[in-house]
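A.B. asks: Chains X and D, in that order, are what the protein sequence lines are.
Here the numbering used here is used: the first residue of the first sequence is 659, the next is one more, and so on.
Here the numbering used here is used: the first residue of the second sequence is 3, the next is one more, and so on.
What the hints contain is simulated information worked out from the structure, not anything from laboratory work.
No false leads were slipped in.
For lysine to any residue, the following SDA-like pairs were computed, each having C-alpha atoms within a straight-line distance of at most 20 Å:
#: 1; chain 1: X; residue 1: Lys694; chain 2: D; residue 2: Thr175
#: 2; chain 1: X; residue 1: Lys694; chain 2: D; residue 2: Thr176
#: 3; chain 1: X; residue 1: Lys694; chain 2: D; residue 2: Ser265
#: 4; chain 1: D; residue 1: Lys102; chain 2: D; residue 2: Arg258
#: 5; chain 1: D; residue 1: Lys102; chain 2: X; residue 2: Val784
#: 6; chain 1: X; residue 1: Lys753; chain 2: D; residue 2: Pro103
#: 7; chain 1: X; residue 1: Lys753; chain 2: D; residue 2: Met3
#: 8; chain 1: X; residue 1: Lys753; chain 2: D; residue 2: Leu9
#: 9; chain 1: X; residue 1: Lys812; chain 2: D; residue 2: Leu18
#: 10; chain 1: X; residue 1: Lys753; chain 2: D; residue 2: Leu6
#: 11; chain 1: X; residue 1: Lys694; chain 2: D; residue 2: Phe173
#: 12; chain 1: X; residue 1: Lys753; chain 2: D; residue 2: Ser265
#: 13; chain 1: X; residue 1: Lys753; chain 2: D; residue 2: Arg254
#: 14; chain 1: D; residue 1: Lys15; chain 2: D; residue 2: Leu122
#: 15; chain 1: D; residue 1: Lys102; chain 2: D; residue 2: Arg92
#: 16; chain 1: X; residue 1: Lys753; chain 2: D; residue 2: Leu101
#: 17; chain 1: D; residue 1: Lys102; chain 2: X; residue 2: Arg834
#: 18; chain 1: D; residue 1: Lys4; chain 2: D; residue 2: Phe14
#: 19; chain 1: D; residue 1: Lys102; chain 2: X; residue 2: Trp749
#: 20; chain 1: X; residue 1: Lys750; chain 2: D; residue 2: Val267
#: 21; chain 1: D; residue 1: Lys118; chain 2: D; residue 2: Ala20
#: 22; chain 1: X; residue 1: Lys750; chain 2: D; residue 2: Leu253
Stretch-level coverage of chain X by chain D, calculated; a stretch enters the list once three of its residues show a Cβ under 8 Å from a Cβ in chain D:
#: 23; region: 728 to 738
#: 24; region: 759 to 766
Think of the CB as a built atom: it goes at the ideal place given N, C-alpha and C, for glycine as much as any other residue.
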Amino acid sequence: MTSPAIHIQDLHKTYVVSEQEASATAALKGLVHRRKQEVRAVDGISFDLAPGEIVGFLGPNGAGKTTTLKMLSGLLHPTSGEVTVLGHIPWKREKSFLRQITLVMGQRNQLVWDIPALHSFELNRVIYRIPPEDYHRMLGELTELLELGPLLHKPVRNLSLGERMKCEIAAALLHRPSVVFLDEPTIGLDVTMQRRIRAFITEYNRRFGATVLLTSHYMADVEALCRRVVVIHHGRLLFDGDLSLLVQKFTAHKTIVVQLEECEADLHSYGEVISCADGHFTIRVPKAETAHVTERLLADLPVIDLLVEDPPIEEVIERVFAQENP
Amino acid sequence: MKALLDLYVQQFKTTLAAMFQYRASLLIWMIGHVLEPLVYLVVWSVVSNSAGGSVGDYTTREFAAYFILLMLVSGVTYTWIMYEFEYRVRQGSLSFALLKPVHPIHSDIADNVSSKLITLPFLLLIAAVLALIFHPTLSLTPWAIAVFIPALLLAFAVRFLLEWTLALAAFWTTRVSAINQTYFVLMLFLSGQIAPLTLLPRPIQVVADIMPFRWMIGFPVELLLGRLTPTEALMGLGAQAAWLVVGLVLLRVVWRAGLRVYSAVGA
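Work out the full structure: start from the sequences and follow the hints.
C.D. replies: Okay, structure coming up:
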């Protein structure tokens, strides 16, 4: 078995934050004695990524995703636990490690704001010591895949959010990192641009065999890119496995869509009716009863068509996140 | 070494491009930079003229020479890192710098040197215009010019290292402006910016010799004006070298400690 590209074992990160009281007297007290509180941002998670894998890293805001990505890229020192990326300990920030990774944060930017992105690209070329031939080849490929052509010579501040994101991603990949951390790379982008960036990530992974760990709030990203997902909540691991298994594990219900000849039927006795329009009824039933209910529906009613579905992935994720203490 | 040189060359191009994006603000910066020494120059000229043509060991024309040279020296040695670092920490752009396989100070040195190279011709032009207006007396000696060059470079190096280190205060506090304010007031008095140090009371001169400020601005000016004996000049270079070492050590220690804080509390 090959060694994992990313290895996380019982990882913890605890922040100490000082609390501030709203009232004046309490605030004065705070001057003398700060009340400290510990926040466990990451509370004992473990998982591995094989080289070349694309994994979706999911969780609601504040679940500890960004904290984990920062520990993986060497920006944060873990409180305890073990992390290795390509055999390096990230927080040591060895040059040989930094040259092989990248972190794209959808809400932050690294490009120099006032001048064309090409200048920032050139800076990265010298910083990462990319040989000129490699640089030009890679720049050509990125320009083609992300359709950067007309953008490279415009000042970054004049680019739209989507255009800027494409340039950010290109800047982050010029040195052809073999491990890529993407923190909400499609945030705020329109659907077309999201799709284009998704296609690009797939292509980058395919072409260079890069390992990709991606966070996103858009389930379309996750469905399109990741077979495997890791879900965390309150700093703990909730799920690690196939996306389809996540659906199975966290949904106790299935939806049945029935098309009837008449619209006036009352289906409440079969399950929870979510909607009905033009003779199409959508009913939610407990998973265990699906077969039984289907049988009854077919026997009792003049059914034209019947479809049994898993609820949409958004709904599943919402339900997973809604569990306060799983 | 070659790689670092490439980085500096590329940074020069970037800085040049960025500066020309903001020609208006560059102009405003130039005006601001010239105005401060100009104010002191005018004040001291008036004082000197009303006192019969000199104050202490400075004549009106020597004041002119002093403040014109001061403008040039502070134009070459100043940095803006203390204003910028806090922003970097807060905005998280420091995180990007930390992800790069090069110490972030290199980009700052390169950026700083680049913008100096770009603004120096303008500063020299302004100095020439001021010279036409204020008729400074300046008798240059070859040895003073020869020592002036290393003194100026050392002044820049010391100022850059100390201010870069001080800027790291942003790792610990979000209220760095108070620190900056204190620093600049001390600098104003102890560097020779507000008045030549020889005009200040003796105890302040002693403090100025111990503190780094004189070695970052006043010393090269006094040197070129021919006000120092060769022994004093050598001792000055020695003081600069000492502060350079102190600056390097401080930078290393504070940077490491700061990174520990940064990587503990979050970027």
